[in-house]
Amino acid sequence: DMKVTQMPRYLIKRMGENVLLECGQDMSHETMYWYRQDPGLGLQLIYISYDVDSNSEGDIPKGYRVSRKKREHFSLILDSAKTNQTSVYFCASSLGSAETLYFGSGTRLTVL
Amino acid sequence: SQWGEENLQALSIQEGEDVTMNCSYKTYTTVVHWYRQDSGRGPALIILIRSNEREKRSGRLRATLDTSSQSSSLSITAAQCEDTAVYFCAPVDTNAYKVIFGKGTHLHVLP
Chain Y
4 DMKVTQMPRY
14 LIKRMGENVL
24 LECGQDMSHE
34 TMYWYRQDPG
44 LGLQLIYISY
54 DVDSNSEGDI
64 PKGYRVSRKK
74 REHFSLILDS
84 AKTNQTSVYF
94 CASSLGSAET
104 LYFGSGTRLT
114 VL
Chain A
66 SQWGEENLQA
76 LSIQEGEDVT
86 MNCSYKTYTT
96 VVHWYRQDSG
106 RGPALIILIR
116 SNEREKRSGR
126 LRATLDTSSQ
136 SSSLSITAAQ
146 CEDTAVYFCA
156 PVDTNAYKVI
166 FGKGTHLHVL
176 P
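The listed protein sequences derive, respectively, from chains Y and A. Taking the numbering used here, the leading residue of the first sequence gets 4, the next gets one more, and so forth. Taking the numbering used here, the leading residue of the second sequence gets 66, the next gets one more, and so forth.
Check the hints yourself; a few may be wrong.
Claimed, not checked - Computed far set for chain Y versus chain A, every beta-carbon distance over 12 Å:
1) Q9
2) R12
3) G45
4) Q47
To be verified - Covered, in the sense of this in silico footprint (three residues per stretch, anywhere, with C-beta under 8 Å from a C-beta of chain Y), are these stretches of chain A:
5) 101-109
6) 135-143
As the list claims (entries may be wrong) - Part of the chain Y face toward chain A, derived, beta carbon under 7 Å:
7) P11
8) Y13
9) P42
10) N87
11) V91
12) F93
13) S108
For the record, the hints were derived by calculation from the structure and aren't laboratory data. Bear in mind the structure is a predicted one, so any value in this text is a computation, not a measurement. Virtual Cβ for every residue (Gly too), placed ideally from N, Cα, C.
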């Protein structure tokens, strides 16, 4: 079954706390992504990973970092979360960076 | 910005009507993805059109691509309430070799 799994689905954190969002895929896709989605702004690319330990900044990387130690897992880390990082975060994967993207169901993060 | 003319943000139609969503972009591309996002879910690909196709159909969906005018469209014939969703046009930036998402069009199909 082709699936991208995100954990957790909902998360509430206080400003200054560290946040870890996890993503897994079972399709052996090389390329994985983290996006955030805010009302009226569409999908904004945070980071793209082309394979294990091969990560590149997207359009809005500031305040975020990523880790990809296995092809099937891609993590998004917020060190000392800020209130403006409250958003819905989506992970996606694709066979290549111009191919069909498969998205997870998202993590709704609230930073108080 | 990779986007030209602002794509329509929201659209409401009656069930049974036909609807067309237009997308214009600045990036050089030969492939456009169209994704649909239902409430509470991630986007999912509904149709992909390449420059050598000009038009592609899938059920009640029809996509067009005009690379000379850097525009694409998605039409839905006889829309149903279950077509209510956000639709994203996503051209592939050929130079950067990545998919670029627009802001999306919120389509509401009313009973």
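Practice prompt. Double-check V91 of chain Y for me: the hint is only fine if its C-beta lies closer than 7 Å to a C-beta in chain A.
Written response: Status violated, d = 9 Å.
Fill in: Satisfaction of the P42 of chain Y interface hint, Cβ to chain A closer than 7 Å
Violated, about 10 Å.
Worksheet item: Far enough from chain A: is every CB of that chain over 12 Å from the CB of R12 of chain Y?
Response: violated (9 Å)
Fill in: Interface restraint verdict for Y13 of chain Y against chain A (beta-carbon cut-off 7 Å)
violated (11 Å)
Practice prompt. Could you let me know if the closest chain A CB is still more than 12 Å away from the CB of Q47 of chain Y?
Written response: violated (8 Å)
Worksheet item: Are all beta-carbon distances from G45 of chain Y to chain A longer than 12 Å?
Response: violated (4 Å)
Worksheet item: Against chain A, does Q9 of chain Y keep a CB gap of more than 12 Å to every residue?
Response: violated (8 Å)
Discussion item. Can you confirm whether chain Y covers the region 101-109 of chain A, using C-beta to C-beta distances below 8 Å and requiring at least three such residues?
Written reply: Result for this restraint: holds, n = 5.
Worksheet item: Hint check: is the beta carbon of N87 of chain Y less than 7 Å from a beta carbon of chain A?
Response: Violated. Min distance 19 Å.
Fill in: Coverage of the region 135-143 of chain A by chain Y, judged on three or more residues with CB within 8 Å
violated (count 0)
Discussion item. Does the closest beta carbon of chain A sit nearer than 7 Å to the beta carbon of P11 of chain Y?
Written reply: violated (15 Å)
Practice prompt. Using 7 Å as the Cβ threshold, decide whether F93 of chain Y counts as touching chain A.
Written response: Where the cut-off is 7 Å and the nearest Cβ of chain A is about 5 Å from F93 of chain Y, the hint holds.
Checked against the numbered hints given earlier, the structure breaks hints 1, 2, 3, 4, 6, 7, 8, 9, 10, 11 and satisfies all the rest.
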